[in-house]
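Protein chains: 2
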Amino acid sequence: MDFFDNLVDYNIDKIYPSKDALVKALSGEKKLRIYLGIDPSSSRIHLGNAIPLRKLAQFQSLGHQVILLIGDFTGMIGDPTGRDAARVPLTHEEVLENAKSYQKQASKIINFSGKNKAQLAYNSHWLAKLNFEQVVKLTSHFTVSQMLERDMFQKRLKEKKPISVHEFLYPIMQGYDSVALDIDVEIGGTDQTFNMMVGRELQRKIKSKEKYVLTLPLLEGTDARKMSKSFGNTIDIDEDPSSMYGKVMSLKDSLILKYFEMTTDPPINELKTIREALTKENPINVKKKLAKTLVTMYHSEKEAQSAEEEFEKVVQKGEAPEKVEEFEFKKADLDKTYLYFLTETGLVESNSEASRLAAQGAIVFDGKKVENVREEFSPDKNEILIKAGKRKFIVLKFV
Amino acid sequence: MDFFDNLVDYNIDKIYPSKDALVKALSGEKKLRIYLGIDPSSSRIHLGNAIPLRKLAQFQSLGHQVILLIGDFTGMIGDPTGRDAARVPLTHEEVLENAKSYQKQASKIINFSGKNKAQLAYNSHWLAKLNFEQVVKLTSHFTVSQMLERDMFQKRLKEKKPISVHEFLYPIMQGYDSVALDIDVEIGGTDQTFNMMVGRELQRKIKSKEKYVLTLPLLEGTDARKMSKSFGNTIDIDEDPSSMYGKVMSLKDSLILKYFEMTTDPPINELKTIREALTKENPINVKKKLAKTLVTMYHSEKEAQSAEEEFEKVVQKGEAPEKVEEFEFKKADLDKTYLYFLTETGLVESNSEASRLAAQGAIVFDGKKVENVREEFSPDKNEILIKAGKRKFIVLKFV
Chain X
1 MDFFDNLVDY NIDKIYPSKD ALVKALSGEK KLRIYLGIDP SSSRIHLGNA
51 IPLRKLAQFQ SLGHQVILLI GDFTGMIGDP TGRDAARVPL THEEVLENAK
101 SYQKQASKII NFSGKNKAQL AYNSHWLAKL NFEQVVKLTS HFTVSQMLER
151 DMFQKRLKEK KPISVHEFLY PIMQGYDSVA LDIDVEIGGT DQTFNMMVGR
201 ELQRKIKSKE KYVLTLPLLE GTDARKMSKS FGNTIDIDED PSSMYGKVMS
251 LKDSLILKYF EMTTDPPINE LKTIREALTK ENPINVKKKL AKTLVTMYHS
301 EKEAQSAEEE FEKVVQKGEA PEKVEEFEFK KADLDKTYLY FLTETGLVES
351 NSEASRLAAQ GAIVFDGKKV ENVREEFSPD KNEILIKAGK RKFIVLKFV
Chain B
1001 MDFFDNLVDY NIDKIYPSKD ALVKALSGEK KLRIYLGIDP SSSRIHLGNA
1051 IPLRKLAQFQ SLGHQVILLI GDFTGMIGDP TGRDAARVPL THEEVLENAK
1101 SYQKQASKII NFSGKNKAQL AYNSHWLAKL NFEQVVKLTS HFTVSQMLER
1151 DMFQKRLKEK KPISVHEFLY PIMQGYDSVA LDIDVEIGGT DQTFNMMVGR
1201 ELQRKIKSKE KYVLTLPLLE GTDARKMSKS FGNTIDIDED PSSMYGKVMS
1251 LKDSLILKYF EMTTDPPINE LKTIREALTK ENPINVKKKL AKTLVTMYHS
1301 EKEAQSAEEE FEKVVQKGEA PEKVEEFEFK KADLDKTYLY FLTETGLVES
1351 NSEASRLAAQ GAIVFDGKKV ENVREEFSPD KNEILIKAGK RKFIVLKFV
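These protein sequence lines are chains X and B, in that order. Note that this note's numbering numbers the first sequence so that position 196 is 196, with each residue one more than the last. Remember, this note's numbering sits 1000 above the position in the second sequence when you count from 1.
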C-alpha cells in the first residue's frame, strides 16, 4: 500500500472538513503541526491508544511536527467522555507521574529524539493561567444547545442523570489547546470527535485558521467491548511477552482480521492471505501469527518466539511452564484451606476469582481439580505444583 | 406601622428560607452583613432601584452592616436577566464611571459616612483573580438542569433562541459574591431571585452558612411596563424637580396607591386616607400629592412647591412657564421649516418625535397648531413662543 494513501485512508473514520482538503494541505511546502491529546488518567498505553500514536508516527516520518499533548490540567478535572457520571479528579502529582510513564512507552512508537523530534506539551501551561474573564470569553463562542448535542449528554438527559455545569467547560478547555498550540491537525479516537470539533471551531473563531480533524476507529478489548482501562479488558504495549501473547490468544476469533488491520502494519497482500487463511485454517493458527507479530513489534522476535513456545507448552499441551515460581510455607500451614494458598501466593486476586475458577475446573492442586476452595488442603508431599486458570502455575514448598 | 414589621413585611415579595428564620437572626446579637448588588450598566437610579436601596437603609438604621456591591466585573459580561439575547458588554471604564455616579445618588438614601457607614465593594476584586481551576470548582456545584430551570432560559429554549454557555457563568459569578463578602442577607428585585438563590447555595456548600434572601417586588414605569432604562420609562431620583413632578403626573391613575406604598414612607393611617380619597376625589389631586411627596424626598419641600405651581400653571392652565429659554436665530433663517427650529433648539429629539407630536396637535408656534412640520415657517414678528408637548416651551428670537 502506498504510504500516503495509508496515511489518509487506513484506520481513519472521518476527516474534517474533507480528505481532499487535508491531502492538499499535506502536499504543500508547510510543515504542519499535528497533535494527539492524552488523558493521563492512566499510565499505560494499550493497543487501542497505540492506533492514533501510530498515525502520529506516520505524520512524523513525513517530516511534520508532531506533538503529544499531556492533558495534565484537563486530567485534574476529568473528561466526562463515555462516563455516565462525573469522574473523581486526579491530583496533579498523579497526573504528572502517569505522563512520565506514558511518554516512555510512547517512545516505542514515535520519536522523541533526532532532528524532527516529537514535542511533549502540558496543557496546564496555558489553561492554569486563564482568568475568569478569559474563560467567559471562550465560553461565549458556544451555545448551550451546541454542548447538549454531544451524544453522551443526550444520553444523560434521556436517563435524567445530572450533567454538571463544569462538564461544559471540559470540551472548551480541550478545544483551547488547539489555539494555544496553534495546531493544523488533530488526531483522536471517534469518542473524541466532539471535543476535537470544539477546538476546530475555536481555531476558526480566534485564529481564523482551518484545523483538520482525523477521527480514528476504536478497538475492542479482550471481552469484545471497547478497549478501556475501566473495563479491565486492555492489552497494554508494555505487557510482558507471555502475557501479551496470551491475551491476544484469548481474543474472539472474529476480531483477528480487525486486529491485523488496526494494530499491525501488514503489507496489503498479507491481509489477503490472512483473510483466506481465516476461511480455510483453524483460526488459532492465524491468531498465533497475530500474537507473535504484536510481541515482535513491542518486544523482539526472540521474545515472541519464546512466548509462543511457552503458550504451546502450557496452554495447548497443558504442561507447566519451564520456570515456575516457588513459594515456601511451614509444615504447620498444612491444614490451611486451598483458598489460603491461592491468595497468599497471589495466584488469584480475590476469593471470588478463586471460586469462579474452581467452578470452571481451572484450579488444580497436584494434578487434581479442586471443587471447593474452602476445604482444607492436606498433601502428603513437600512439593506441590498448583495451577489457576490456563497459564498460571506455582510450586508450594513445605519446609 | 412598627419599624420591624415594616422591615420584613412591607415591600417584600418573599423571604428565603422563611420570614421567621430571618426575624430570629435579626433579633440576635450579631451584626449581620447585608448587601444589594448593583448592575452598573446604567449610571442613574430610578424609583424602582430605590426600593431595595430604601430597604437597605432600614437595615442600616437597625445597626447592621450594609454593603452596596458594584458588579463591575459582572457588568463587563452583562447579566442576561430579562434579555432575549446576550447583552453587549461594557468596558471597565464605562462601568466604573457609572458606579461613581451611582454611589453619589445612592447617598440620598443610604449613609456612606458616620459610625455604621455603608460599604462600597467591587466584585472585580475577587472575580478577576479567579483562575480556570477555581472557576471549574465553582461550576461543579451546579447542574445544567438547575441552570435551565431559570425562567428566562426556559423562555429562550421554547422560542428556540440561543443561550450562550457564558450566560451560565453569570449567576455563578454573582453567587460567588456572597461567598467572597461572607454575606448573611441579600436584597434584590424578584427578577434577581435565581441569581440570589445560586449565592445562597454556594454559601451553604462552601461556607456551610445560611444566607437569607429577600426578594422585593418590581415597580411599573410611566408606560405601565416594568420600570427599566431600556424601556425609557423611568423616573430617576436625580431628575430635576419639574421633570420628576411631571413624570409622576403622567402615571396611570391605577398606579397611584402602589407608588405611595412602594416609593414613599407613608404612615399607615395616611394610606387609608389615600385609598379613600381615590374613591371620592378627582385622582389628579391624589397624584399631585404623590408627586409633591416624591420631589420633597429627593429635592426639598420648597422645590416640590415650585414644581407643583409650575405644573398647575403650564399644564393645568395651559400657560407658558415663568422662565422660558430663549434661542437667537438670524433673520436669514426665517424661511427654514418648523422642523429645523424644533430640532436646532433641542425641543424635540428626533424628526419622528416632531411628526408624532404634530399629529397629536401638540406642536404650537405663536399660538397656532402646526400640522406639517416640514412646511416653512415665516413669522412676521421677531419673538415667537413655541411649544412642543405639554410642558416644553421656548422663545425664538430673530436678530
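Please note that a few of the clues may not be correct.
[What the hints assert, rightly or not] Cβ pair distances, simulated, as ranges:
hint: 1; chain 1: X; residue 1: ASN116; chain 2: B; residue 2: GLU1149; range: 52 to 60 angstroms
hint: 2; chain 1: X; residue 1: GLN360; chain 2: B; residue 2: PRO1162; range: 26 to 34 angstroms
hint: 3; chain 1: X; residue 1: ASN111; chain 2: B; residue 2: PRO1162; range: 24 to 32 angstroms
hint: 4; chain 1: B; residue 1: PRO1162; chain 2: X; residue 2: ALA362; range: 56 to 64 angstroms
hint: 5; chain 1: X; residue 1: THR91; chain 2: B; residue 2: ARG1204; range: 23 to 31 angstroms
hint: 6; chain 1: X; residue 1: LEU148; chain 2: B; residue 2: ARG1204; range: 21 to 29 angstroms
hint: 7; chain 1: X; residue 1: SER145; chain 2: B; residue 2: GLY1318; range: 21 to 29 angstroms
hint: 8; chain 1: X; residue 1: LYS209; chain 2: B; residue 2: PRO1162; range: 39 to 47 angstroms
hint: 9; chain 1: X; residue 1: LYS31; chain 2: B; residue 2: GLU1149; range: 46 to 54 angstroms
hint: 10; chain 1: B; residue 1: SER1355; chain 2: X; residue 2: LYS209; range: 44 to 52 angstroms
hint: 11; chain 1: B; residue 1: ARG1225; chain 2: X; residue 2: LYS30; range: 53 to 61 angstroms
[Claimed, not checked] Covered stretches of chain X, going by a simulated chain B footprint (3 or more residues, C-beta under 8 angstroms):
hint: 12; stretch: 159-166
hint: 13; stretch: 248-254
It is worth saying that the hints were derived from the structure and are not from the lab. Note that the structure is a prediction, hence the values are computed from the model and not measured. Each residue gets a CB set at the ideal place from its N, CA and C atoms; glycine is no exception.
The hints, checked one at a time:
At roughly 53 angstroms, the beta-carbon separation of X:ASN116 and B:GLU1149 lies within the given 52 to 60 angstroms, and the hint holds. Evaluation of the 26 to 34 angstroms hint for X:GLN360 and B:PRO1162 yields a failure: the beta carbon distance comes to about 57 angstroms. The supplied range of 24 to 32 angstroms is broken by X:ASN111 and B:PRO1162, whose beta-carbon atoms lie about 45 angstroms from each other. One distance hint, 56 to 64 angstroms for the beta-carbon pair B:PRO1162 and X:ALA362, holds here, with the actual separation near 59 angstroms.
X:THR91 and B:ARG1204 have their C-beta atoms about 26 angstroms apart, which keeps the hinted 23 to 31 angstroms range intact. Taking 21 to 29 angstroms as the suggested C-beta distance range, the pair X:LEU148 and B:ARG1204 conforms, at roughly 28 angstroms. A C-beta distance of roughly 58 angstroms is found between X:SER145 and B:GLY1318, which places it outside the suggested range of 21 to 29 angstroms. Between X:LYS209 and B:PRO1162 the beta carbon distance is about 24 angstroms. The supplied range of 39 to 47 angstroms is therefore violated.
In this structure the supplied range 46 to 54 angstroms holds for X:LYS31 paired with B:GLU1149, their Cβ-Cβ distance being about 50 angstroms. Between B:SER1355 and X:LYS209, the C-beta spacing of about 51 angstroms keeps the proposed range 44 to 52 angstroms intact. Take B:ARG1225 and X:LYS30: their Cβ atoms lie about 58 angstroms apart, and the range 53 to 61 angstroms holds. With a cut-off of 8 angstroms between beta carbons, the stretch 159-166 of chain X has 5 residues touching chain B; three or more are needed, and the interface restraint holds.
Counting residues of the stretch 248-254 of chain X whose CB lies closer than 8 angstroms to any CB of chain B gives 0, so the stated coverage by that chain is violated, three being the minimum.
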